[in-house]
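Kindly produce the complete structure, drawing on both the sequences and the hints.
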Amino acid sequence: MIKRPFILTAAVCILLCAGCAKKEETGQKEEVIPVKAMRVKLKDIAEVLEYTGNIKAQDEAVIYPKVSGKIIEKKKEDGAAVAKGEPILYIDRDEVGFTFEKAPVESPIDGIVGRIYVDIGSNVTIQDQVALIVNMDKVKITLDIPEFYLPKISVNQKAKITLDAYPDEIFEGYVSKISPVLDIDTRSAPLEITVDNKEHLLNSGMFARVSLVLSEHKAVPVILKEGIVGHEPNLYIFVIEENKAFLRKITLGIRQGQFYEVTSGLKENDLVVVLGQQRLAEGSVVIAEEAK
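The sequence shown maps to residues 964 to 1255 in my numbering.
In case anyone wonders, no lab produced these hints; they're calculated from the structure. Be aware that a few hints might be false.
[What the hints assert, rightly or not] Taking lysine-lysine pairs in the BS3-like style, the calculated list, with each CA pair at most 30 Å apart, reads:
1. 1181 <-> 1004
2. 1181 <-> 1065
3. 1103 <-> 1038
4. 1230 <-> 1103
5. 1047 <-> 1019
6. 1212 <-> 1004
7. 1019 <-> 1006
8. 1038 <-> 1101
9. 1188 <-> 1121
10. 1033 <-> 1047
11. 1101 <-> 1065
12. 1121 <-> 1019
13. 1230 <-> 1212
14. 1121 <-> 1181
15. 1006 <-> 1161
16. 1004 <-> 1019
17. 1255 <-> 1188
18. 1019 <-> 1230
19. 1004 <-> 1230
20. 1123 <-> 1029
21. 1123 <-> 1140
22. 1103 <-> 1123
All values derive from a computational prediction rather than experimental measurement.
Structure follows, in structure tokens:
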């Protein structure tokens, strides 16, 4: 009878020791989570609006004849330069009571002949379009801008234009006009971009992509959007310190593409998890592949 309590006590001690040993063993085998990480770098970043539109000559004039009759002579062909007041076509007037005298169809502006719509022998009236004259020294692109962005846009603000026709070139333009009236259905305002085109590389009807820089910040910490978890205003990232991941709250500034400016919570050279953070908790042990 005396030995039973001793035997029971010894058994409890053995179980407790086994439990302690098991905990120590579990601690030694803590999971190491593989992640991909990136160093925080200082970069220039800009908030950019990107739109598409069609190029149009800044000055265009559709010409109608002043008299009815038959086209009897062409003085200009498509693409030819023309001065204001210079004849493009001549018409044989067919009005009763007039002696034969060919009537000129004159250009109202300096430019080039964009299109002649009629051929010699065609009968035309004063309601018929006979030619299109364009001045291509400058071209314009019209965009519809949502009201939210209008306070950030001003006349003479710079714009960058790219075209499929010239994939390796960037053309510079500027905001030349902002409508003071918004479309009540779309809550947007027409905005006009003007581009110098002295070499006439840009033609009416070309498809253009326009980038408007709303704001630009120099040498600020930036991170990839893939590293951000949570929703505004509670945004976080995992920062790696001594092979462990720790949550850190951040605030964001402007965005450009896949990069965000970080206005608080990070500094240059912090190592931020950008892939694999779904498996992480505060203090998780990680092995990081650092992206370049």
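Hint check:
1. As the CA atoms of residue 1181 and residue 1004 are separated by approximately 12 Å, the hinted pair is consistent with the 30 Å bound.
2. With a CA separation close to 66 Å, the supplied pair residue 1181 and residue 1065 exceeds the 30 Å bound.
3. For the hint linking residue 1103 to residue 1038, the alpha-carbon distance of about 29 Å falls within 30 Å, and the restraint holds.
4. Straight-line distance between C-alpha atoms of residue 1230 and residue 1103 comes to about 43 Å, which puts the hinted pair past the 30 Å bound.
5. Taken as a hint, the residue 1047 and residue 1019 pair is honoured in the structure, with Cα atoms around 20 Å apart against an allowance of 30 Å.
6. For the given pair, residue 1212 sits about 18 Å from residue 1004 by alpha-carbon distance, which is consistent with the 30 Å threshold.
7. Pair hint residue 1019 plus residue 1006 does not hold up; C-alpha atoms about 36 Å apart against a cutoff of 30 Å.
8. For the given pair, residue 1038 sits about 25 Å from residue 1101 by alpha-carbon distance, which is consistent with the 30 Å threshold.
9. Distance restraint check for residue 1188 and residue 1121: the Cα-Cα separation of roughly 27 Å lies within the 30 Å cut-off, and the hinted pair is therefore satisfied.
10. Straight-line distance between C-alpha atoms of residue 1033 and residue 1047 comes to about 23 Å, which keeps the hinted pair within the 30 Å bound.
11. Between the alpha carbons of residue 1101 and residue 1065 the distance comes to roughly 34 Å, so the proposed pair goes past 30 Å and is violated.
12. With a C-alpha separation of about 18 Å, the suggested pairing of residue 1121 with residue 1019 holds against the 30 Å cut-off.
13. For a cut-off of 30 Å, the pair hint linking residue 1230 to residue 1212 stands: about 13 Å separates their Cα positions.
14. A hinted pair counts as satisfied when its Cα atoms are at most 30 Å apart, and residue 1121 with residue 1181 qualifies at roughly 18 Å.
15. A distance of roughly 35 Å separates the Cα atoms of residue 1006 and residue 1161; the hinted pair therefore is violated under the 30 Å criterion.
16. Distance restraint check for residue 1004 and residue 1019: the Cα-Cα separation of roughly 42 Å exceeds the 30 Å cut-off, and the hinted pair is therefore not satisfied.
17. For the hint linking residue 1255 to residue 1188, the alpha-carbon distance of about 16 Å falls within 30 Å, and the restraint holds.
18. At roughly 47 Å between alpha-carbon atoms, residue 1019 and residue 1230 are farther apart than 30 Å, so this suggested pair is violated.
19. Distance hint between residue 1004 and residue 1230 is fulfilled; the C-alpha atoms sit about 8 Å from each other, no more than 30 Å.
20. As the CA atoms of residue 1123 and residue 1029 are separated by approximately 42 Å, the hinted pair breaks the 30 Å bound.
21. The straight-line distance between the Cα atoms of residue 1123 and residue 1140 is roughly 16 Å, inside the 30 Å bound, and the hint therefore holds.
22. Pair hint residue 1103 plus residue 1123 holds up; C-alpha atoms about 13 Å apart against a cutoff of 30 Å.
In summary, the structure is inconsistent with hints 2, 4, 7, 11, 15, 16, 18 and 20 from the numbered list given earlier, while agreeing with the others.
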